[in-house]
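When we follow my numbering, the leftmost residue of the sequence shown carries the number 1, and every step to the right adds one.
Rather than coming from a laboratory, the hints here were simulated on the basis of the structure. Check the hints yourself; a few may be wrong.
With a straight-line Cα cutoff of 25 angstroms, these simulated SDA-like cross-link-like pairs (lysine to any residue) come out [said to hold, decoys possible]:
#: 1; residue 1: 87; residue 2: 356
#: 2; residue 1: 87; residue 2: 220
#: 3; residue 1: 87; residue 2: 200
#: 4; residue 1: 87; residue 2: 141
#: 5; residue 1: 87; residue 2: 264
#: 6; residue 1: 87; residue 2: 351
#: 7; residue 1: 87; residue 2: 144
#: 8; residue 1: 87; residue 2: 218
#: 9; residue 1: 87; residue 2: 15
#: 10; residue 1: 87; residue 2: 192
#: 11; residue 1: 87; residue 2: 157
#: 12; residue 1: 87; residue 2: 292
#: 13; residue 1: 87; residue 2: 169
#: 14; residue 1: 87; residue 2: 25
#: 15; residue 1: 87; residue 2: 143
#: 16; residue 1: 87; residue 2: 16
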Amino acid sequence: MSLPAQPSRPPLDPPGGRRALAVWAIGVAVYFVAVIFRTSLGVAGLDAADRFRVGASALATFSLLQLLVYAGMQIPVGLMVDRLGTKRVLTLGATLFTVGQLGFALAPSYGTALAARALLGCGDAMTFISVLRLGTRWFPARRGPLMAQLAGLVGMAGNLVSTLVLAPVLHGVGWVPAFAGSSVAGLVVMVPLVLFLRDHPEGHAPPPVARAAGGGFVRRQIADSWRQPGTRLGLWVHFTTQFPAMVFLLLWGMPFLVEAQGLTRTTAGGLMTLIVVANMGFGLLYGQLVGRRQAARIPLALGTVAVTAALWGAVLAYPGERAPMWLLTALCVVLGTCGPASMIGFDFARPANPAERQGTASGITNMGGFLASMTTLLAVGVLLDATGDDYRIAFSSVFFLEVLGVTRILRLRPAALARERLPLATVPDPDQVTPARART
Numbered sequence: 001m002s003l004p005a006q007p008s009r010p011p012l013d014p015p016g017g018r019r020a021l022a023v024w025a026i027g028v029a030v031y032f033v034a035v036i037f038r039t040s041l042g043v044a045g046l047d048a049a050d051r052f053r054v055g056a057s058a059l060a061t062f063s064l065l066q067l068l069v070y071a072g073m074q075i076p077v078g079l080m081v082d083r084l085g086t087k088r089v090l091t092l093g094a095t096l097f098t099v100g101q102l103g104f105a106l107a108p109s110y111g112t113a114l115a116a117r118a119l120l121g122c123g124d125a126m127t128f129i130s131v132l133r134l135g136t137r138w139f140p141a142r143r144g145p146l147m148a149q150l151a152g153l154v155g156m157a158g159n160l161v162s163t164l165v166l167a168p169v170l171h172g173v174g175w176v177p178a179f180a181g182s183s184v185a186g187l188v189v190m191v192p193l194v195l196f197l198r199d200h201p202e203g204h205a206p207p208p209v210a211r212a213a214g215g216g217f218v219r220r221q222i223a224d225s226w227r228q229p230g231t232r233l234g235l236w237v238h239f240t241t242q243f244p245a246m247v248f249l250l251l252w253g254m255p256f257l258v259e260a261q262g263l264t265r266t267t268a269g270g271l272m273t274l275i276v277v278a279n280m281g282f283g284l285l286y287g288q289l290v291g292r293r294q295a296a297r298i299p300l301a302l303g304t305v306a307v308t309a310a311l312w313g314a315v316l317a318y319p320g321e322r323a324p325m326w327l328l329t330a331l332c333v334v335l336g337t338c339g340p341a342s343m344i345g346f347d348f349a350r351p352a353n354p355a356e357r358q359g360t361a362s363g364i365t366n367m368g369g370f371l372a373s374m375t376t377l378l379a380v381g382v383l384l385d386a387t388g389d390d391y392r393i394a395f396s397s398v399f400f401l402e403v404l405g406v407t408r409i410l411r412l413r414p415a416a417l418a419r420e421r422l423p424l425a426t427v428p429d430p431d432q433v434t435p436a437r438a439r440t
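Can you build the whole structure from these sequences, using the hints too?
See below:
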């Protein structure tokens, strides 16, 4: 009978450098294209409703199913990355999301289009965790927060392409040419991925993953990751911070700005572009702050939630039918902080888990925001149909999930921070102890 494998790390940090940047850039390019495909429906929501003759709830099902597949795949993908390596998982993901985008372009019916979005979501789910893994394998640990924020920043640039490029192309040449043409980008990024990407630099291979008898590897990886308070705190930080902007950009922002606020598509597109630009700027700022001062993580996360809730409340409660442009602009700038704040979740999961469990822990964390987004996408669609397109009532669902997330963050924070300070100590699980003990 063999003893359980002890977690271990490579003896030295990866060197970084130009080669590391080149390899990382290949992975990020794949993620960039995945985000373009993921967010393409956000600028085509009204067109999709006309093309497939569906209402708000059915339209929300497109994004709901895509996010359901994405969220459901996070733990399996994390396990795949830990077991198979980054290159294999990224290659499979790029193949799936490219086929999904092409299928969505050619879909003759609503059901076929749903299947295509599910396939796209499956491929998309394999990209971000793989890119995070590249960052930890090729760059020193101190660069981890910055590389993660940079990856998120590049992903938001993909969102920008959807808004600035795909939207006008869609309205200029039509549905099939726009979506089928965009799928070519998936083939383009697969070339350097297959030819040049490597999982890790020479001499920095991860320790072999022990295979448990009776197929216990999966169960052990998940259980060991979940047992760490930092993993669960990372999930709830991601859950609470990401979804307001995700819901807005992925589907409901354009209809809200055009139908409820009376803006033209051009003006609404400009505001959605502002979210992406703000996200990129705040991503650099948050990455630098967290990299230099770990104590800033919780204040940044909770501060982002508080300001986002305040701006949403101001827009929804504004007297009259429409909010003024300055208030909508302020909301979009603040929504730009949601993505960078969600990346803080990975900065709690990363130090809580050894190198051979990073993929699984990242997958658990990454589920958070997408579960919240999925729930809110459905709630908004159902409430719009039930209230005759009353966006004030529909978007009020945002506040319920924010309150839930904040309570969980405050609950898990003491044990997670204690575990970081004392990495070899056994810290009581906050769900198994009294509140008074959890605070000590």
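For a quick check of understanding: which of the numbered hints are violated here, in increasing order? Failing hints, ascending: 5, 12 and 13.
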